[in-house]
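*Asks:* Spelled out, the chains give:
2 protein chains.
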Amino acid sequence: MKLYDFPLSPSPRRARMFAAEKGIALDIETVNIREKEQFTDAFLAISPNCTVPVLELDDGTTICDSLAIWRYFEEVKPEPPLMGTTPLEKAMVELWLRRVELEGYQAVVDVLRNGAERFRDRAVPSAEAFAQIPALAERGKRRLALFFETLYERLQESAFVAGPDFTAADIHALITIDFAERAVEIAPPDGLAALKAWRERVSARDSAKA
Amino acid sequence: MKLYDFPLSPSPRRARMFAAEKGIALDIETVNIREKEQFTDAFLAISPNCTVPVLELDDGTTICDSLAIWRYFEEVKPEPPLMGTTPLEKAMVELWLRRVELEGYQAVVDVLRNGAERFRDRAVPSAEAFAQIPALAERGKRRLALFFETLYERLQESAFVAGPDFTAADIHALITIDFAERAVEIAPPDGLAALKAWRERVSARDSAKA
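Residue numbers (the numbering used here), protein chains in the order written: chain H, 40 to 249; chain V, 40 to 249.
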């Protein structure tokens with residue numbers, strides 16, 4: 040299997056970290072986002088929204104979404120389980136993946152794409168131009184602060200985001216927090232001890248370097 | 040199992056329609072959103088973001104997200120499958136659920152919550168107040184038009200959203216389109232014949248009335 044990848048982007052890091060946890064080997068092909076290689080016709084045919092990662096199976100079939108790639112990996116290599124085992128565990132992973140995505144990751148995207156000069160006219164991941172909305176960058180900062188609080192409260196009562204075990208929800212949350220720090224220079228505030236301890240614990244896994 | 044529900048909201052309709060396809064019986068408890076019953080302390084303890092639906096299991100455990108409820112239903116009653124059977128089918132359902140959510144449903148939410156007077160200071164689903172951003176309502180309209188195009192192109196080559204079979208992705212897409220028409224008065228433009236035919240086909244299912 041081949042992964043179209045860009046080392047600095049958060050979404051392909053999701054696919055790499057999940058694959059590393061599973062012991063799944065991937066051929067890597069780098070698409071240089073900084074050089075706008077995602078807008079070439081060849082790549083557009085693979086990924087209509089011009090985003091990485093894309094997983095290409097050996098028969099040429101492509102899956103162009105990081106969480107859909109996770110689902111594929113979980114099904115073809117169930118061990119170790121990263122998306123829950125019982126029906127309730129699976130539902131809790133789904134719930135927390137959605138909360139991380141909608142309350143955390145999308146808030147960082149709002150801050151970055153509506154605030155950074157290099158995303159001028161690319162405020163939405165699309166082949167079409169979208170103007171930035173500065174007020175949305177500000178809203179994103181407030182939403183991100185609430186997301187840190189939500190995670191902190193959750194991690195005071197739970198060892199990991201979706202429950203007692205490490206799951207894909209931890210990967211999504213860690214990469215969202217690392218992305219916020221690197222791309223928009225917003226880190227969780229001091230004092231959220233349970234969040235800090237969880238982040239150190241998850242960051243220490245070998246897969247976090249993938 | 041009990042479903043905290045509001046008949047006019049799109050997210051609880053997702054849970055009802057999915058349950059109807061599976062033949063899962065639910066006790067219904069209505070939370071009157073129009074009367075702001077979702078902000079009572081009793082309901083906040085169940086649903087921290089003050090949203091319906093919430094599924095309450097017989098042991099009192101709650102699942103407060105419509106897609107997490109789908110995952111639970113799919114696991115406890117696998118037949119008929121609504122989230123794919125093979126690894127690739129499951130990945131394609133995931134991919135299309137994400138596209139419908141991020142490109143379609145969230146665009147309608149942006150239009151509604153940033154444009155309608157009744158959502159003044161409630162532009163984000165949260166217990167905290169968020170001011171409306173009128174430019175985001177306008178962006179939502181453009182994104183929604185692109186989403187209709189995306190669905191139309193997909194349905195020219197595929198009988199259903201995620202592939203040849205009816206799945207949860209069709210439920211998500213149908214309810215998103217119905218929501219756009221009812222809540223922000225935006226319907227797919229004339230001429231997208233494959234989209235229109237698919238919508239009529241899916242709307243004719245008994246579950247669409249649930």
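The set of hints was computed from the structure by calculation and includes no laboratory data. The reader is advised that the hints may include incorrect statements.
Note: identical chains are not told apart, hence a pair may lie in one copy or across any two.
Computed cross-link-like contacts, DSBU-like style, restricted to lysine-lysine with a CA-CA straight-line distance of at most 30 Å [stated by the list, open to error]:
#	residue 1	residue 2
1	Lys180	Lys116
2	Lys75	Lys116
3	Lys116	Lys61
4	Lys75	Lys235
5	Lys41	Lys235
6	Lys41	Lys180
7	Lys180	Lys75
8	Lys61	Lys180
9	Lys180	Lys235
10	Lys75	Lys248
11	Lys41	Lys75
*Asks:* Evaluate each hint against the coordinates.
*Replies:* Hints, one by one, checked against the model:
1. Lys180 x Lys116: For Lys180 and Lys116, the Cα distance exceeds 30 Å both inside one copy (37 Å) and across copies (41 Å).
2. Lys75 x Lys116: Neither. Shortest intra-copy (33 Å) and inter-copy (45 Å) distances fail the 30 Å Cα cut-off.
3. Lys116 x Lys61: both (7 Å within a copy, 27 Å between copies)
4. Lys75 x Lys235: Result: close neither inside a copy nor across copies, 35 Å intra and 36 Å inter.
5. Lys41 x Lys235: neither (34 Å within a copy, 37 Å between copies)
6. Lys41 x Lys180: neither (35 Å within a copy, 36 Å between copies)
7. Lys180 x Lys75: both (27 Å within a copy, 27 Å between copies)
8. Lys61 x Lys180: neither (34 Å within a copy, 41 Å between copies)
9. Lys180 x Lys235: This pair counts as within: shortest intra-copy Cα distance 19 Å, inter-copy 39 Å.
10. Lys75 x Lys248: For Lys75 and Lys248, the Cα distance is within 30 Å only inside one copy (25 Å; across copies 46 Å).
11. Lys41 x Lys75: within (20 Å within a copy, 50 Å between copies)
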